[in-house]
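Throw the hints in and build the complete structure from the sequences for me.
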Amino acid sequence: MNASVNANAPSPAGAQRPLPALLLALLLTLLPLALLSSAAGAQDHATLRPLVDALGKGSFSDTEKQVAALAATGDPAVVPALEALTNGDLYVRKADKAVVIGKRAGGSLALTDPLTGEALGSTASSALDKIRVNNRLRRTIRAALGGLTLRAADANTRRQAAEAIFKAQDAEGIEALDAAIAAETDPGVAKLMREARAAAVLASDLSTEDKIAAIDTLAERGDRDALSMITAVQNSDAAELQEAAGAALARIQKLQAAWDTARNVWFGLSLGSVLLLAAIGLAITFGVMGVINMAHGEMVMLGAYTTFVVQNLFRAHAPDLFDYSLLVALPAAFLVAGLVGVGIERGIIRFLHNRPLETLLATWGVSLILQQAVRSIFGPTNQEVGNPAFMSGAFEIGQLTITYNRLWILVFALTVFAALLIAMKFTRFGLNVRAVTQNRRMAASMGIRTPLVDAPTFGLGSGIAGIAGVALSQIDNVSPNLGQSYIIDSFMVVVFGGVGNLWGTLVAAMSLGVANKFLEPFAGAVLAKILVLVFIILFIQKRPRGLFALKGRAVEA
Amino acid sequence: MTMFSKKFFAGMALSGLMASTAVTGAFAQEETIKVGILHSLSGTMAISETTLKDVMLMLIEEQNKKGGLLGKKLEAVVVDPASDWPLFAEKARELIQVNGVSAVFGCWTSVSRKSVLPVFEELNSLLFYPVQYEGEESQRNVFYTGAAPNQQAIPAVDYLMNEEGVERWVLAGTDYVYPRTTNKILEAYLKAKGVAEEDIMINYTPFGHSDWQTIVSDIKAFGSAGKKTAVVSTINGDANVPFYKELGNAGIKAEDIPVVAFSVGEEELAGLDTGPLVGHLAAWNYFQSVDTPVNGEFIKAWKAYIGDDKRVTNDPMEAHYIGFNMWVKAVEKAGTTDPDAVIDAIVGVSVPNLTGGYSAMMPNHHITKPVLIGEIQEDGQFETVWETSGLVVGDAWSDYLEGSKDLIADWRKPLNCGNFNTATGKCGGSGS
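First to last, the protein sequences are chains A and B. Take the first sequence: its letter number 361 is residue 360 in numbering that gives the first Met the number 0, and every next letter is one higher. Take the second sequence: its letter number 186 is residue 185 in numbering that gives the first Met the number 0, and every next letter is one higher.
Just so you know, these hints were derived from the structure itself, not from any lab. Do not rely on the hints blindly, as some may be mistaken.
In silico DSS-like cross-links for lysine-lysine, where the CA-CA straight-line distance does not exceed 30 Å [what the hints assert, rightly or not]:
hint, chain 1, residue 1, chain 2, residue 2
1, B, K190, A, K166
2, B, K64, B, K309
3, B, K72, B, K33
4, B, K219, A, K166
5, A, K528, B, K219
6, A, K253, B, K252
7, B, K299, A, K93
8, B, K302, A, K102
9, B, K302, B, K71
10, A, K129, A, K93
11, B, K302, B, K64
12, B, K183, B, K227
13, A, K190, B, K226
14, A, K56, B, K183
15, B, K227, B, K190
16, A, K166, B, K227
17, A, K64, B, K227
18, A, K129, A, K64
19, B, K226, A, K166
20, B, K65, A, K129
21, B, K299, A, K129
22, A, K253, A, K190
Facing chain A, from chain B, some residues (calculated, C-beta under 7 Å) [to be verified]:
hint, residue
23, T43
24, A45
25, D210
26, P241
Glycine residues also receive a C-beta, built at the ideal position from the N, C-alpha and C atoms.
Below you can see the structure in the form of structure tokens.
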């Protein structure tokens, strides 16, 4: 870009200051090297080349110095090299000690030149030495990249740069920021830059007035990073500064308290949706059919393993369509778990009708068999289930970070719930199921073939557990023990909600989730769980049939 | 959770009993030396322990190819204690009394070790325990080939303090004996280093905890107090996967708040997309990525034995490798497998470890090891960013805990004591 030569001393700030000089100020190193950096072109690479090649030598702190030297040139041409370094893609070629960027392509590495970007062929990884990075180095590089890309053409890059500088909180960067703010056209990015400037001002030795103004800017931002920076100032000597910091802190903390409540509600709903997913299949098999199915958790596990198998097929045959693998996994998991469920019902449960204790023991045995079978087939270790792109990462509403996978699981749980409700209310099959569960003998005498209702009902409950497994594979381990961790919670939800009532299951799952999350910050995860359990036990004493009890003679049957 | 867990474990016990003893190897006519393997092959711990059973079988097979021991073939006796702590004691008794094994390699969790201790003491047999543990123990019949806290936890904290400039600490762990004791030691250590009470946050979660939203957000809040913050994680086994997933999704990068883990190795990372975790740390005495010829051979042999090119090696496997070779060498030295003779012979025995040095058995029945700090890489491996310059001697009794700092263990004559109090000059009784 505008790498000008006459940047030999940091003079007073000015809007027109060229970038290299500002970076000099930022990193305060190696003035002569910046003098060497001339306008863009081939000579440029000639001066940058030794700097880049020096990256491969010495310890972490040596590399850190080299990074500073590279950043001090202020030449955007070094950005690819620094990015590759922080990603661990920068190598030293053993043959000629040249530094190259290597991208894994099959068994070997495809090499490119870090400065010109021209391809250098490919080579085996044994011919290269990787340049190691650690966290400290990554932080340095991030700050350096922030400085180098502050005036980039792309607004998003500038935003990232401003954020990096905000975190680095480096007093030397103020001038660069002033220049960038003056030139900034995007109001959002400009705000971020002002915040980054305020952060830097707090770390500088500027006057108290400047700092108070900076505190105001940060208090406006009001998040935890701001809180942290202002807290650090509070210990300063100046009384006015302390006062301003104290006021700002009080303001931020008040804001934080409100966001904390919102956060807990969100976490609670999210935990509730997981509980709902795990429990909703059980609400059918246990709630509606009255079968104590201890193998319910294993149906969830089978669903998760089906996801794993489906994803592996996608990886092997259609890696481009990987993001859609979950869509295929859903029906597959429903079928696998559903068929196993029908098998269990036909093979075991129908012979144990009305003998709950034996059913409990038999299904418990089934659950152990399924676990060990999966262990023998897939091995005892965790299997990797990937998150598709739309389920990775997070976005922010104000100061509430919402992760996409949790959001999708909440949406998914509610969709499954609604679909199930509709199936039970408005289909012939649902009508039969309700009739059989209300009064088996009466339904039979009305011409409903009860065994033909039992098997698909159990299959439906199991199948839904299976698709719950698809969702849970996104947030939990896919291991043979997956089901065990959900079976107790599932029973808890169904019993609390009222046996035989789908709405009860929804309300119970959500209220248990939220209660748990509000208790957790005060009581800790272990005690919160115990408290919730104690509460349910007491509640069941008072209302043995749960929140939404079924009324009428059916209950007595 | 708790309500049904008794039933679960009772059920597991049943299934374990049914699975019962499986004796591998041919029933040869010739006399063999039997080696017991006491690792869970079912239940919650199977995820970690099955691998150790396999590596023991491989080591025994290799030893037999080399001609066995004392002119006899070795024969592995595998039992499945099914992640059920009391069953560990029963199975240990069965191995020693019914199968007549000369030594046992086994256990993972501290509670399983504590459960078998009295059995080994009573029947005077040998146990090689391959997992990093909380220390505060030294028993005549047990050899601790995993790391003691001073071989893992303390160096890790030192690294964060010196290299990353960490001033604020979150000690997060699963709620049982290893994390609680380790965190107690770390807390005492940090305070001794001048860290203030309010700069330490301690947090415990149940086994298999899967909803980490609140804790991750707490860590984020704790980390925004204007000081560099790090998490020291003693979170066990399965719970790590959702924890790291939540960290990744919540956007906590290793550059901002690094997490150093003591229970996360190559095996645990195998079930994870490690992309968002690059830079988080683990402290061990061995990484698969360590580039030494002996490690290269070990990895090659392991992959060939297990028949899967994707399987990884980890620290407890190395501990078994060291422990087994130490036992072999001690038996050769003593000329017999008699436990008393082996206990006398094994102290001072030194065998190659996989990181290019030698590990020696110390009089306190712990071994010398190098300490490595590694950062998680994109491919699920660790890259060593720091290591101790020499070997660290395992310390059975922590120097930072009240009531334990005066204790030493020395199983040589004439002291022959696992908890000798140097202040009073008395042995507190044998065992711990």
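Hint consistency between K129/A and K64/A [alpha-carbon to alpha-carbon, up to 30 Å]:
18 Å, holds
Would the hint linking K190/B and K166/A be met if the CA-CA limit is 30 Å?
28 Å, holds
Tell me if the interface restraint on P241/B is satisfied: Cβ within less than 7 Å of some Cβ in chain A.
5 Å, holds
Do the alpha carbons of K302/B and K64/B lie within 30 Å of each other, as the hint requires?
18 Å, holds
Take a quick look at whether K64/B and K309/B sit within 30 Å of each other, Cα to Cα.
25 Å, holds
Keeping to a limit of 30 Å between CA atoms, is the pair of K64/A and K227/B held or broken?
22 Å, holds
Given hint K183/B paired with K56/A - CA-CA distance at most 30 Å:
Not OK: K56/A and K183/B at ~41 Å, beyond 30 Å, violated.
Does K252/B sit within 30 Å of K253/A, going by the straight-line distance between their CA atoms?
27 Å, holds
Under 7 Å is the threshold here; is the Cβ of D210/B close enough to any Cβ of chain A for the hint to stand?
Where the cut-off is 7 Å and the nearest Cβ of chain A is about 5 Å from D210/B, the hint holds.
Decide if the proposed pair is consistent with the structure: K219/B and K166/A, CA atoms, cutoff 30 Å inclusive.
Roughly 14 Å between the alpha carbons, so the hint for K219/B and K166/A holds.
Proposed proximity, K93/A with K129/A (alpha carbon, max 30 Å)
Measuring from Cα to Cα gives roughly 10 Å; hence the hint holds.
Given pair status - K226/B, K190/A, alpha carbons within 30 Å:
Since the Cα atoms of K190/A and K226/B sit roughly 25 Å apart, the hinted pair holds (cutoff 30 Å).
Against the hints set out earlier in the document, violations occur for numbers 14 and 20.
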